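Protein chains: 2
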Amino acid sequence: MSKLLIVGTVAFDAIETPFGKTDKILGGSAPFIALSASKLGVDSAIVSIVGGDFPEDHLALFEENNINISAIEVIPDEKTFFWSGRYHNDMNTRDTITTDLNVLTKFNPIVPKEFQEASVVVLGNLSPGDQSKVIDQMTNNSALIILDTMNYWMNNTLDELLRVLKRVDVITINDEEARQLTGESSLVVAARKIHEMGPEFVVIKKGEHGALLFNDKNVFFAPALPLEEVFDPTGAGDTFAGGFAGYLTKTNDFSFENMKRAVVYGSAMASFCVEKFGPERMLNLNSKELFNRLQAFKTLTQFEIELTS
Amino acid sequence: MSKLLIVGTVAFDAIETPFGKTDKILGGSAPFIALSASKLGVDSAIVSIVGGDFPEDHLALFEENNINISAIEVIPDEKTFFWSGRYHNDMNTRDTITTDLNVLTKFNPIVPKEFQEASVVVLGNLSPGDQSKVIDQMTNNSALIILDTMNYWMNNTLDELLRVLKRVDVITINDEEARQLTGESSLVVAARKIHEMGPEFVVIKKGEHGALLFNDKNVFFAPALPLEEVFDPTGAGDTFAGGFAGYLTKTNDFSFENMKRAVVYGSAMASFCVEKFGPERMLNLNSKELFNRLQAFKTLTQFEIELTS
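Just so you know, the protein sequences line up as chains A and B, in that order. Positions 40 to 348 (the working numbering) are the ones given, in order, by the first sequence. Positions 40 to 348 (the working numbering) are the ones given, in order, by the second sequence.
Calculated from the structure, these hints are not laboratory results. A portion of the hints provided could be inaccurate.
Since the list gives no way to pick out one identical chain from another, each pair is judged satisfied if it fits inside one copy or across any two copies.
[As the list claims (entries may be wrong)] Cut-off 25 Å, straight-line C-alpha distance, at most; resulting in silico cross-link-like pairs (SDA-like, lysine to any residue):
id: 1; residue 1: K60; residue 2: V228
id: 2; residue 1: K256; residue 2: S326
id: 3; residue 1: K299; residue 2: L346
id: 4; residue 1: K42; residue 2: M130
id: 5; residue 1: K256; residue 2: G222
id: 6; residue 1: K289; residue 2: E239
id: 7; residue 1: K60; residue 2: S225
id: 8; residue 1: K42; residue 2: A110
id: 9; residue 1: K245; residue 2: D129
id: 10; residue 1: K63; residue 2: T290
id: 11; residue 1: K205; residue 2: D175
id: 12; residue 1: K60; residue 2: E223
Since the structure is predicted, the reported quantities are computational estimates derived from the model, not experimental observations.
For reference, chain A alone in the conformation it holds in the complex:
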């Protein structure tokens, strides 16, 4: 059975939105990616690091969802990475209040032996150096490597980022970051330039405006599902990546046609994520709900036009 390896942060988040606020809850990129992928029934592992303050029941939660935690290093005398932020009324912009890296400064990713042959790898938003170290440890040369990044690494470690980009198959990046990385305002041109940097597939995430998938001359678009209420957007991008990667792991088909389906699965998963704080909604998601949401995506986007030239 094909396996999914996930490298990313495991953190505490404290979130404030117009609808309420949380104390320290489970956050970081890896939990969103892994819990989302787990809904597709794949065998996954998280490579990450936490402090002694990280609760046992969070780790148990991963295991209950068939997520291998043997490579989540626990440093007893250190604190877990902590982020807090406040969303504006439009829910599209937020202010970061706190970023305490804590134990994250000691992270040295070690891939568990049984996942060195994983067929899909998600390199969550981390330093390009750490992302490269993970690729070094993979023994499956045909593994699909998916990389997520953000403007912080473009501003601070651009050379390293460009080096690791040469080694990945898929990049997921948001629209503003794609523009920053290339200096191009057109996303079509930006995607082409990023493609030239290495990744064969470029996924540009536009938040509430959906996601674009580019591959050479092919382009596919999936909207975000229009929702009555967006409760908390935190982790939606990672949840998208988890659904995307989970579907590709499960089907083990990396063609453009199948990537389109993976984008739809990612979008469906992200549409659940924003309904509750943190990854809470992922935990209570059943297959019937996922089926209905995928059906809603079809209804939202599919049309019949007879074209005869």
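Given chain A, work out where chain B should sit, using these hints.
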């Protein structure tokens, strides 16, 4: 053969974008709507008003495209409505430099007798009072009435706007205006509230982020085609409305399924509009190009997922 009636401004525009600037060129809502619809081969008329400075060859241009101009009133001693604006580098925002209403203050719409039975009416962005006067003159009770409006009328003549909304079947409105009209940030909730104001169908235009069609519990989304370059967005919304209305006129089918196709036609026409200044691109558009663009929309959005519950 079913007919399309278009009421709107006929104007001069002077446009400045990062790519260049124009002198006074053909503008206003009605030319974009009519020229777009004309590409679908429908029989249309414009109801509008211009000054003595409006060139004969612009009027001839309408006639060449099978657009009836008998109800474009010419006031010899007055000047044509004039708008000028400058787009910012992102092409999504613009500053209005000049708005000279000129002859527009004397507008009293008179529907030509042979178009009082039109099957589709587009009420372009105009005062709600003038829009109402047009509806009063229609003899076809089952005509589909499509209304476009903007924030100016919400700010200045909201009561009149709410009155005319009760009499229309379809509203086309942009996302910010939908939020303003309803006080709701969620477009799903905003569409429902607008639906309660009268229109059975609500089309929310999101510019480069596409368009949503709502009808009771149904929702359909069409993206804007991702383009290498947006040269001039002026008139894209009206061109969308023209393609939408033109398709509905031609097919004479006002079901939700057919409205979805109309939204795709509207989006395809708008994607051409932005390639040149003003309505220039519409004039040189052939059916092969339209066919290819519709094909590109299918490729962009259509996917196959087997869903078995």
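Enumerate the violated hints, using their earlier numbering and listing them in ascending order. 4, 10
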